[in-house]
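A.B. asks: Each chain is listed here by its residues.
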Amino acid sequence: MPSISLHPRPLQPPPTPASPLPHLLHTPSGLALLELQGDIRFPPTPASPTTHVGKLIFPLYNPVLNGEDDTKWMKRVWFYVGGNQRLAGEVKKLGKPFAVVRRRVVGQDKGREGDTVMGGADEAGKEELEIVEVVRYKIVFSNRPEPVGGTVEEGG
Amino acid sequence: MTQQHEGGVPFSVAHDLQTFRLLELPPEIVELLDSPSPPPLSIKSLPPAASNTPNAKPAYAVLCTPNKSFQLRQVQTSNTLFVTRPTLEAHGDAIPAPTTCAIASCTATLELHLADASAVSYLEDALPVYHVVGGEVDAEENRKSKAGVFLHVPLSDGQCEKAWNELIAFELNGSSYRPSANTLSQVWQSINAAALAEGINLDRQFLTNDLAKLVEEEGNPASLAVAVCRHLSQADRDTEDQWCCLDRTKTVAFVGVTVLNARQGKPTFLTADFLEAWKDCLPEAWRADAELKAIEGAFSLPTSSTICAKSNVVTNTKPATTAAKGKGNWHERFGKNRKK
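Same order as they appear, the protein sequences are chains A and B.
With the first letter of the first sequence counted as 1, position 101 gets the number 101 in UniProt numbering; the numbers rise by one all the way through.
With the first letter of the second sequence counted as 1, position 159 gets the number 159 in UniProt numbering; the numbers rise by one all the way through.
Simulated from the structure, these hints should not be mistaken for laboratory data.
Beta carbons are placed, not taken as given, at the ideal position from N, Cα and C, and that holds for glycine.
Just so you know, not all the hints are guaranteed correct.
Residues of chain A clear of chain B, computed beta-carbon distances all greater than 12 Å [unchecked claim]:
(1) GLN12
(2) PRO17
(3) ALA18
(4) LYS75
(5) GLU133
(6) GLU146
For lysine to aspartate or glutamate, the following DMTMM-like pairs were computed, each having C-alpha atoms within a straight-line distance of at most 25 Å [unchecked claim]:
(7) LYS138/A / GLU171/B
(8) LYS93/A / GLU89/B
(9) LYS68/B / GLU141/B
(10) LYS93/A / GLU31/B
(11) LYS96/A / ASP125/B
(12) LYS93/A / GLU28/B
(13) LYS146/B / ASP125/B
(14) LYS138/A / ASP125/B
(15) LYS250/B / GLU198/B
(16) LYS138/A / GLU198/B
(17) LYS68/B / GLU31/B
(18) LYS72/A / GLU35/A
(19) LYS213/B / ASP125/B
(20) LYS138/A / GLU24/B
(21) LYS146/B / GLU127/A
(22) LYS92/A / GLU198/B
(23) LYS138/A / GLU141/B
(24) LYS93/A / GLU111/B
(25) LYS96/A / ASP138/B
Cβ-to-Cβ under 8 Å is the rule here; a few derived chain A residues that face chain B [claimed, not checked]:
(26) PRO10
(27) PRO13
(28) LEU21
(29) LEU33
(30) PRO43
(31) ALA47
(32) GLY54
(33) LEU60
(34) VAL64
(35) LYS93
(36) LYS96
(37) VAL100
(38) VAL101
(39) VAL106
(40) ILE131
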């Protein structure tokens, strides 16, 4: 019965650029969770490593006016996808937080991110896992998208 | 400080998605992880059952903390769960803007379910009985160390250690065993005799190894003597402590049950004879403690003058746990828990 170490802290905390999300969703590593019904499909654009698919708007989030402790803003999040679709969602506190677990990158791959495969065949030596982050909130969009006009109005 | 970008937070999806697993954490584990120096965790996994096994079941795994274990169960979701990370991205001619980028997409999460089954039944399966008859050792070697045995039990080391102590298991010459009632009875008598000869008060501090050496001279494994002392020592003792101090109440009951169990399968045992044999196995000062109420639940009285052990417990002073009954494989055992 093989036993695999699950390290409670990451070996190398990933660099943490300031998160543009509301403060409540911040984690030390910057990781956050976003859940939606279905999936996001987009044509491949190999020139760039990422595809910009839309934007998140927290219309009621205003810590300057309502203070950092205000949580009413959590009730409403808009997610504009492409130019014509909008998802309505909210920020939820998870009853049970999620640990984000990945294979610990050891050896010469150290520092290189991505490319971590778990559960696959063991390549070089011992497999080790680590908890990268414990996430306590998620942004959820549980409804189907609704069609919207091409222009997005500020504040939803 | 959060600066919500004018017009919202740009959201992008990485083309090269990473693989993460999401573990839903029960409060016990959150607490561990929140502590300043969280303990090491491990995942013990069992490969899928061999294809020749009927109803081969998929692989499963347990997450172990130092003293608890949790069964991992994969839960598929129809929703997409993105793990996102802040980045600085420029699209088109725009200046780079703080962006939330999905770097992983999970279609399943892992739930953790407390597995509080006793490790006793697993150890009973893994450890051969060490039986001594007429000075001859009758035991099959398993060629496994304690750590080797624990590795194959789908429970935490703390749970294994508890069961190991409960069974008074011990290592000897590269194998590990559990003693039969007969063996226990002999080793105990040997301990008692050695204590008497050396003037050791068993319920005061004594050096375990000194006593074990004397027991070894009588032909019994020293490691078993140590295991017996540890089993009977006062609860708050560190198991690695070289000093030992027996719990008198626990020891008196243990000796009574051992004497009774060692007689299993033999003709009737007169209660009066049993009490006498029990007292003879105790240090002089403890003789008066040998009363039937000290071993309540471990015996039955078939007639008004005879006594016998209640169950067929071979080595254990405690009644067998429910988990000990099932000889089925792990899947079945966990399956039962699941249906609850």
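A.B. asks: Are the hints correct? Go through all of them and say.
C.D. replies: Verification of the hints:
No beta-carbon of chain B comes within 12 Å of the beta-carbon of GLN12/A; the shortest separation is about 14 Å. Non-interface call for PRO17/A relative to chain B: violated, since the shortest CB-CB distance, roughly 5 Å, does not exceed 12 Å. Annotated as non-interface, ALA18/A brings its C-beta within 12 Å of a C-beta of chain B; the closest such distance is 7 Å. Annotated as non-interface, LYS75/A keeps its C-beta farther than 12 Å from every C-beta of chain B; the closest such distance is 17 Å.
Listed as a non-interface residue, GLU133/A fails to keep its Cβ farther than 12 Å from every Cβ of chain B; the least gap is roughly 9 Å. No Cβ of chain B comes within 12 Å of the Cβ of GLU146/A; the nearest lies about 17 Å off, and the non-interface call holds. The hinted pair formed by LYS138/A and GLU171/B fails the criterion: a straight-line CA distance of about 50 Å is larger than 25 Å. Restraint check for LYS93/A and GLU89/B: not satisfied, since their Cα atoms lie roughly 28 Å apart, outside the 25 Å limit.
A hinted pair counts as satisfied when its Cα atoms are at most 25 Å apart, and LYS68/B with GLU141/B does not qualify at roughly 29 Å. Of the pairs offered as hints, the one joining LYS93/A and GLU31/B holds, with about 17 Å between alpha carbons and a cut-off of 25 Å not exceeded. For the proposed pair LYS96/A and ASP125/B, the alpha carbon gap of about 36 Å is over 25 Å, so the pair is violated. Taken as a hint, the LYS93/A and GLU28/B pair is honoured in the structure, with Cα atoms around 18 Å apart against an allowance of 25 Å.
For the proposed pair LYS146/B and ASP125/B, the alpha carbon gap of about 13 Å is at most 25 Å, so the pair holds. Pair hint LYS138/A plus ASP125/B does not hold up; C-alpha atoms about 45 Å apart against a cutoff of 25 Å. Among the hinted pairs, LYS250/B with GLU198/B is consistent with the structure: their alpha-carbon atoms are about 22 Å apart, no more than 25 Å. With a C-alpha separation of about 68 Å, the suggested pairing of LYS138/A with GLU198/B is violated against the 25 Å cut-off.
The hinted pair formed by LYS68/B and GLU31/B meets the criterion: a straight-line CA distance of about 13 Å does not exceed 25 Å. Simply put, LYS72/A and GLU35/A have alpha-carbon atoms about 20 Å apart, close enough for the 25 Å limit, and the pair holds. For the proposed pair LYS213/B and ASP125/B, the alpha carbon gap of about 30 Å is over 25 Å, so the pair is violated. A distance of roughly 13 Å separates the Cα atoms of LYS138/A and GLU24/B; the hinted pair therefore holds under the 25 Å criterion.
Our distance criterion of 25 Å between C-alpha atoms is met by LYS146/B and GLU127/A, whose separation comes to about 23 Å. Among the hinted pairs, LYS92/A with GLU198/B is inconsistent with the structure: their alpha-carbon atoms are about 69 Å apart, more than 25 Å. Distance hint between LYS138/A and GLU141/B is unfulfilled; the C-alpha atoms sit about 54 Å from each other, more than 25 Å. Annotation: proposed proximity of LYS93/A to GLU111/B holds, straight-line Cα distance about 17 Å (limit 25 Å).
At most 25 Å may separate the alpha-carbon atoms for a hinted pair to count; LYS96/A and ASP138/B exceed this at roughly 52 Å. Against a cut-off of 8 Å between C-beta atoms, the interface hint on PRO10/A is violated, since the closest Cβ of chain B lies about 12 Å away. Taking 8 Å as the C-beta contact cut-off toward chain B, the hint placing PRO13/A at the interface is violated, the least distance being around 13 Å. The interface hint given for LEU21/A holds, since its Cβ lies 6 Å from the closest Cβ of chain B, which is under the 8 Å cut-off.
The criterion of a C-beta within 8 Å of any C-beta in chain B is met by LEU33/A, whose closest approach is roughly 6 Å, and the hint holds. Annotation: interface hint on PRO43/A violated; nearest CB of chain B at approximately 11 Å, more than 8 Å. The restraint placing ALA47/A at the interface with chain B is violated, with a minimum CB-CB distance near 10 Å, outside the 8 Å limit. Checking GLY54/A against chain B by beta carbon gives a least distance of about 5 Å; that is within 8 Å, so the hint holds.
Below 8 Å, beta-carbon pairs count as interface contacts, and LEU60/A has none with chain B, the closest being about 11 Å; its hint is therefore violated. Interface hint at VAL64/A: violated, since its Cβ lies 10 Å from the closest Cβ of chain B, which is beyond the 8 Å cut-off. About 13 Å separates the beta-carbon of LYS93/A from the nearest beta-carbon of chain B, more than 8 Å, and the hint is not met. This hint holds: LYS96/A has a C-beta 5 Å from the nearest C-beta of chain B, less than the 8 Å allowed.
A distance limit of 8 Å between C-beta atoms decides the matter here; for VAL100/A the minimum to chain B is near 5 Å, and the interface restraint holds. Interface restraint check for VAL101/A: the shortest CB-CB distance to chain B comes to about 5 Å, inside 8 Å, so the restraint holds. Checking VAL106/A against chain B: minimum C-beta separation of about 16 Å lies over 8 Å; hint violated. With 8 Å as the threshold, the beta carbon of ILE131/A comes within range of chain B, its nearest partner Cβ sitting at about 7 Å, so the hint holds.
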